[in-house]
Amino acid sequence: MLEARSLTKRYGDALALDTLDLTVPPGEVFCLLGPNGAGKTTTVNLFLGFTQPSAGQALVCGVDSAKDPHRARSRLAYIPETVTLYPSLSGLENLLYFSRLGDGLHRSDRDGLALLAQAGLDGERALKPVAGYSKGMRQKVGIAVALARNVGALLLDEPTSGLDPRAANEFAGSVEGLRSRGVAVLMVTHDLFLARQCAQRIGIMQRGRLATVMDAHSVDHLGLEQAYLAASEEVAV
Amino acid sequence: MSAVIDSLAARPPSQGGAVRAIANKEWLELRRHPRGRLLAWLISTLLLVSLLGGVLHHERAHQERDAAQQGDHEMWNSQGAKDPHGAAHFGQWAFKPPSLLGLADPGVDAYSGGAVWMEAHKRNDAQFRSARDSGVAARLGGLSLAFVLQVVLPLVIIVLGFDAVSGERERGTLRQLMAHGLPATTLVAGKALAMLRALAYLLVPLLLAMVVAAAVMAEPAERGDAVLRALTWVTAHGIYLAGFVALTMCLSSAAPSSRAALVLLLGLWLAATFFAPRLATEVSHAAVPLPSAQQFKRQIADGRAKGFGHDETHPGYLAFRDEVLKQYGVQRVEDLPVNMRGLALKRDDEIGYALYDDLFGKLNHQFDEQDRFRAWPGIAFPLLALQPVSMALAGTDRHHHAHFADAAEAHRRVIQTATSEDLIRNQKYGDTSYRANQDLWKSVPAFDYHPPSAAWALRQAALPLALTLLWATFCGGAAALAARRLRVVG
Chain A
1 MLEARSLTKR
11 YGDALALDTL
21 DLTVPPGEVF
31 CLLGPNGAGK
41 TTTVNLFLGF
51 TQPSAGQALV
61 CGVDSAKDPH
71 RARSRLAYIP
81 ETVTLYPSLS
91 GLENLLYFSR
101 LGDGLHRSDR
111 DGLALLAQAG
121 LDGERALKPV
131 AGYSKGMRQK
141 VGIAVALARN
151 VGALLLDEPT
161 SGLDPRAANE
171 FAGSVEGLRS
181 RGVAVLMVTH
191 DLFLARQCAQ
201 RIGIMQRGRL
211 ATVMDAHSVD
221 HLGLEQAYLA
231 ASEEVAV
Chain B
1 MSAVIDSLAA
11 RPPSQGGAVR
21 AIANKEWLEL
31 RRHPRGRLLA
41 WLISTLLLVS
51 LLGGVLHHER
61 AHQERDAAQQ
71 GDHEMWNSQG
81 AKDPHGAAHF
91 GQWAFKPPSL
101 LGLADPGVDA
111 YSGGAVWMEA
121 HKRNDAQFRS
131 ARDSGVAARL
141 GGLSLAFVLQ
151 VVLPLVIIVL
161 GFDAVSGERE
171 RGTLRQLMAH
181 GLPATTLVAG
191 KALAMLRALA
201 YLLVPLLLAM
211 VVAAAVMAEP
221 AERGDAVLRA
231 LTWVTAHGIY
241 LAGFVALTMC
251 LSSAAPSSRA
261 ALVLLLGLWL
271 AATFFAPRLA
281 TEVSHAAVPL
291 PSAQQFKRQI
301 ADGRAKGFGH
311 DETHPGYLAF
321 RDEVLKQYGV
331 QRVEDLPVNM
341 RGLALKRDDE
351 IGYALYDDLF
361 GKLNHQFDEQ
371 DRFRAWPGIA
381 FPLLALQPVS
391 MALAGTDRHH
401 HAHFADAAEA
411 HRRVIQTATS
421 EDLIRNQKYG
431 DTSYRANQDL
441 WKSVPAFDYH
451 PPSAAWALRQ
461 AALPLALTLL
471 WATFCGGAAA
481 LAARRLRVVG
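Residue numbers (this note's numbering), protein chains in the order written: chain A, 1 to 237; chain B, 1 to 490.
Calculated from the structure, these hints are not laboratory results.
There is no bait here: all hints are sound.
Anything over 10 Å on all C-beta distances counts as not near chain A; from chain B, calculated:
id, residue
1, G238
2, E312
3, A407
4, P445
5, G476
If you want the footprint, here are the derived chain A segments under chain B, 3+ residues with CB under 8 Å:
id, segment
6, 43–56
7, 78–87
8, 90–101
The beta-carbon is built from N, C-alpha and C at its ideal position, and this holds for glycine as well.
Kindly produce the complete structure, drawing on both the sequences and the hints.
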């Protein structure tokens, strides 16, 4: 579970996040939409414990990210906009490395290949150096690492940015797989299609505040787009 | 379901396991990277060439020295019948045996000279300074093991490691790694372990080669000491290089970018390797000025003027003669039961010994002061601290040279005493035809120099060794601090 309690972040006089209250229970995908500078990435950074809140708490499976960031991080997986890997290592070697750092387990090559296959990367490609991977293939390795971690929460920061529609669709399938295992997923994105495809709830952020929360199944694409554009225009004005 | 997942994730990885995993990954990348492979070959070749060059040079120097020392002794023994004091003026040569670990660090040997002419009345400087006989190229420095380990390897560490942490930040992998709950200290420790492992792959074979060389090439009686010196020499360099690994990790973690880390590290390397040693030398010379060679010779000449040499009109001689006559209860020199000339030569030598002990003692004390001045900045510029340690363990520093020079002086005194006492015992008053024979020459033992022990060498280098350790520890602490302060988001 992911929980923000009156979570606030100031950078000097600028209010990046304003008393965010949000709960993502196990088995739910919550999408955060909003224009640039709305506070989405700040929210992710606060859950990761990469930055200290000015007020409030960011809890990962009950662990305060500010007070015990290492323990909080050990309970979540994170996939950034671009999964960066070590180019001279294969996808499998990258997976085994990151997953071992995450949970300390030695996985066999067979287990690693199975995880990569589950994320949509076939065995032949998994054994090739990552230097030749497309962005979609690297994101799949990121998904496989998240699968391997077996954690209670997943943070996604614009994970399909730059992916072609097919790769984005495959990615959405993987996220659904994690959700169905009971993982609480918080996804930051600009992709309205992906938000409706993956999420149970969608929140729109504006000037550091969670302006609107919608049920993803009860809002149509047009309604979501209008709400998103309205938030963006207000910021632009 | 969620409770099960939460419990599964509650176990963070062990730090030791994570450090090893990072080190293994780094090692794998290093092996696959052309930069790593190229540097490995380059350094291995440099070490091998410098080690072989050192061994060949040592063997040649050893043979030349043994032949020269033996030839000189035979020449001494084969002198015909002659006046004993004439033989004292004929003198002997003391040839310095090349230090076994001089193959690793030639130190000051090329500048301090390898042979001392031991003659009557004079304590001579060492001669045959190979640097003086070499061309301009010799001034650029030879390719010694010490040069590779002290100058080249730190540069290699910098080139391999400057972006170890900053590169992770710039590529975005740092964010992912830390998002896994990995403490930054673990990441930096893993990176450092990988570099230390790479160093170990170079240093352990080198250590084995040096130990084998020490065991095979050293005299049986000095074998244990040579092995101990080799072990300590490599260990001291290991500490120095580990300090550079820590420094590289520190700046790679603390610098805002890889480029900044590289510039800072190269600046420090240049300062530590080229600027600081020269500056420290100049400052030490200014702080503790030495007499010029001319001034020192003048001091000796002034002191010697208080003695009487062969001058039987010198007031000192006359006073000594009266003292001897009184001691033996006679009125005339010709009534003495011993030879006055021999007694006077012996007394004059003894006056000279005290003078030399005083002047050379003061000079050595000034050198010690200069060394201390030069060593202290080693806390910040480690080459200043390591070099004296390296030369001391290699047996090629000023202390070892002074030890040899003192041994040569002691042997010179044995020759003087033997020849003067022969005169005292055997020459009759006014008998200018007295000649000693080979029995006297052979009664003078051959110059048999034994270099000091490794423990003695370590005592001479205690301060710089402590400074090297302190610097490396400081770098380790700074790296740990920089790792703790590492932030993904500013």
